[in-house]
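A.B. asks: Listed here are the chains, written in short residue letters.
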Amino acid sequence: MLTAIRRIALGIAVVAVASAILLLSDLQHRERAARRALTKKKTWKIYFVQYNDVIDVKDAERGVLDGLRESGLEDGRDYEVQILNAQGDMATVSALIDSAITGGADMLITFSTPTLQAALRRAQNVPVVYNYVASGLKAGAGKSNTDHAPNVTGVSLLPANDEALTLIKTHFPNIRKLGTLYCPAETNMVNAKIALDEAAKRLGFEVVYVPAETATDVPDASAALMSRDIDAVLQIPGNLTASAFGSIGEAARRAHLPVFAFQKSQAIGGAMVVVARDYNDSGRHAAHLAARIMRGENPKKIPLEDFAKTSLIVNLDAARALDITLPPALVQSAKDVIGDANGNR
Amino acid sequence: MTLLLSAWTIGLILALLALGVYISYRVFKFADITADGSITFGAAVAASMLTRGVNPVTASVAAFLAGCVAGLCTGILHTRFKINQLLSGILVMTALYSINLHVMGSSNVPLLSVTTITTYAQSLGRWLTGHDSATLLGWPVSARDVGSLILVFAIVLVITLIAWLFFNTNLGSAMRASGDNEQMIRALGVSVENMIVLGLCIANGLVAFAGALLAQYQGFADVQMGIGMIVWGLASVIIGRALIGTDSVGAALIGTIIGSVLFRLIIALALRWGLNPNDLKLVTAIFVFGALVLPMLMQKVKRHAAAS
Numbered sequence: 001m002l003t004a005i006r007r008i009a010l011g012i013a014v015v016a017v018a019s020a021i022l023l024l025s026d027l028q029h030r031e032r033a034a035r036r037a038l039t040k041k042k043t044w045k046i047y048f049v050q051y052n053d054v055i056d057v058k059d060a061e062r063g064v065l066d067g068l069r070e071s072g073l074e075d076g077r078d079y080e081v082q083i084l085n086a087q088g089d090m091a092t093v094s095a096l097i098d099s100a101i102t103g104g105a106d107m108l109i110t111f112s113t114p115t116l117q118a119a120l121r122r123a124q125n126v127p128v129v130y131n132y133v134a135s136g137l138k139a140g141a142g143k144s145n146t147d148h149a150p151n152v153t154g155v156s157l158l159p160a161n162d163e164a165l166t167l168i169k170t171h172f173p174n175i176r177k178l179g180t181l182y183c184p185a186e187t188n189m190v191n192a193k194i195a196l197d198e199a200a201k202r203l204g205f206e207v208v209y210v211p212a213e214t215a216t217d218v219p220d221a222s223a224a225l226m227s228r229d230i231d232a233v234l235q236i237p238g239n240l241t242a243s244a245f246g247s248i249g250e251a252a253r254r255a256h257l258p259v260f261a262f263q264k265s266q267a268i269g270g271a272m273v274v275v276a277r278d279y280n281d282s283g284r285h286a287a288h289l290a291a292r293i294m295r296g297e298n299p300k301k302i303p304l305e306d307f308a309k310t311s312l313i314v315n316l317d318a319a320r321a322l323d324i325t326l327p328p329a330l331v332q333s334a335k336d337v338i339g340d341a342n343g344n345r
Numbered sequence: 001m002t003l004l005l006s007a008w009t010i011g012l013i014l015a016l017l018a019l020g021v022y023i024s025y026r027v028f029k030f031a032d033i034t035a036d037g038s039i040t041f042g043a044a045v046a047a048s049m050l051t052r053g054v055n056p057v058t059a060s061v062a063a064f065l066a067g068c069v070a071g072l073c074t075g076i077l078h079t080r081f082k083i084n085q086l087l088s089g090i091l092v093m094t095a096l097y098s099i100n101l102h103v104m105g106s107s108n109v110p111l112l113s114v115t116t117i118t119t120y121a122q123s124l125g126r127w128l129t130g131h132d133s134a135t136l137l138g139w140p141v142s143a144r145d146v147g148s149l150i151l152v153f154a155i156v157l158v159i160t161l162i163a164w165l166f167f168n169t170n171l172g173s174a175m176r177a178s179g180d181n182e183q184m185i186r187a188l189g190v191s192v193e194n195m196i197v198l199g200l201c202i203a204n205g206l207v208a209f210a211g212a213l214l215a216q217y218q219g220f221a222d223v224q225m226g227i228g229m230i231v232w233g234l235a236s237v238i239i240g241r242a243l244i245g246t247d248s249v250g251a252a253l254i255g256t257i258i259g260s261v262l263f264r265l266i267i268a269l270a271l272r273w274g275l276n277p278n279d280l281k282l283v284t285a286i287f288v289f290g291a292l293v294l295p296m297l298m299q300k301v302k303r304h305a306a307a308s
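Residue numbers (the working numbering), protein chains in the order written: chain A, 1 to 345; chain B, 1 to 308.
Hints are computed from structural coordinates only; laboratory data are not their basis. Watch out, some of these pointers could steer you wrong.
Unchecked claim - Across the chosen pairs, the derived CB separations fall in these ranges:
hint	chain 1	residue 1	chain 2	residue 2	range
1	A	A9	B	I150	43 to 51 Å
2	B	H102	A	S227	26 to 34 Å
3	A	K309	B	L136	46 to 54 Å
4	B	V61	A	K335	50 to 58 Å
5	A	I194	B	G130	45 to 53 Å
6	A	N239	B	N55	49 to 57 Å
7	A	R69	B	G290	37 to 45 Å
8	B	H102	A	K138	17 to 25 Å
Idealized CB from N, CA, C, for every residue including glycine.
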């Protein structure tokens, strides 16, 4: 009994020591913050808070950094950036926000929905600019684009379904039945599926969905998809299908079906037409909102924005392999053209 | 200070998860992966009820019961269908993923504008400090953070007390015995199978309850929030055992809670000191390793000192 009490006391002591160290690490900051309040010229301490570490997030991050530079503010003089990433661990997200705030953050730029939500709850006195979020409103940032949380503004990425479907309707009128793989475990893909469903119904398309859970399922699932009497593949964006896109492209090539997609990398991977929502561009856009706040605007007055810009990428090699001649109007409106119509590289 | 308060609060909330893991892992030696699913299940049930205007206490209790059902499934799969422990946990966890999506209706439910336990905590904090913000040892703190910590501490205290009382009843003792010495307890006419099912029920109930509190504290429930949670739980149990030992149930329970809080404190420290977040998991692994080896080393040193 006595040893138990002694050991419990030891445990409590360890916890107390850890707490004390944490407080001591903060002590310097408390003094520094007080000092900084006295100096007039302000260097904004900006924290990037990210949920996971994937290529798209890095794309958005580069966009924000570029955007800050473009806005005429100088790195090191006007602002300094710290990047925090929860590495996909939800329990760490709140701690990241708290650590940014205790670290003296003057502004938070969040990437992804969970980090935005944690910031909404835990960072009510610091301006928050979000990006890499499908819908800021659905995440709880406000009631409408103009009526939102007073310290929050940002950029939502709308799905590019309407653009892609309209493009298919205009340039490829024979295509009525589309097919896509999706991963039920990826929430973004489930949301993309719901959005595509709605848009397809509105624009008169039929869509076939085939689920794939892991990368090893993708070849079989692709083959199954191609056998479902579809006219073309319209691959919705997602992590699994992005990394295993080779299998989808290969199956489509064998079935002699054109592939439309939403992710830039997939044009290089063999998709014929890609309507890409540009994370980099939307990040840059978010940085411009951040710069407005740094120049003294009240975030409450800055409406939330929906980012709807897309860039079109066509792959002539892929079209040629299917004996399809892409309409010249389509090729001309493309931002990037991959390959050559005559087969010359 | 904010970081310290939130490390303590999340540490205490996850202590409930750790208590659940303690029951399955330490009492029954059952590595129950269901926890990854049932913590989200608890969050999902609580969140979807809260957005429909249900009282936070009712919603949290419902989350506990939902977790019990998840544990019941794992227990039945293992004892009645003779499916391997790990596998039955994996089966239920996998199934829960879809169920959670259905319960929430989407992959993520924000709880920012509804009444939750945190709303109560805020009122409690405001009542204690008299303002929305206060000064604690010279640090400015928000009333909500203080209120949350006190409230969560009280909840954990009550639940630990109940758990301790339970493990000292006849049923609780039988439960512990069925983990320690299956043959003896069978000879006494107790059904080990029923004990396992009941134990997993309670364990996952606690885990789901932790999920409900975590969702309310963080302000949202997300279908991916449970991924890897079993690791936190196991780590807390192991750290607690290394620090306090398992002389008695009471000590083990307290050790588990201390382990959980200490674990969050270490993470907060690592973050505060600007550790590269890419290294975070490595540091946690090293920390748990240290907690596992340290007691052994200490004993060696002691023995060495006694011998010379």
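A.B. asks: So, against the hints stated earlier in the document, which numbers end up violated here?
C.D. replies: When the structure is compared with the hints, numbers 1 and 6 turn out to be violated.
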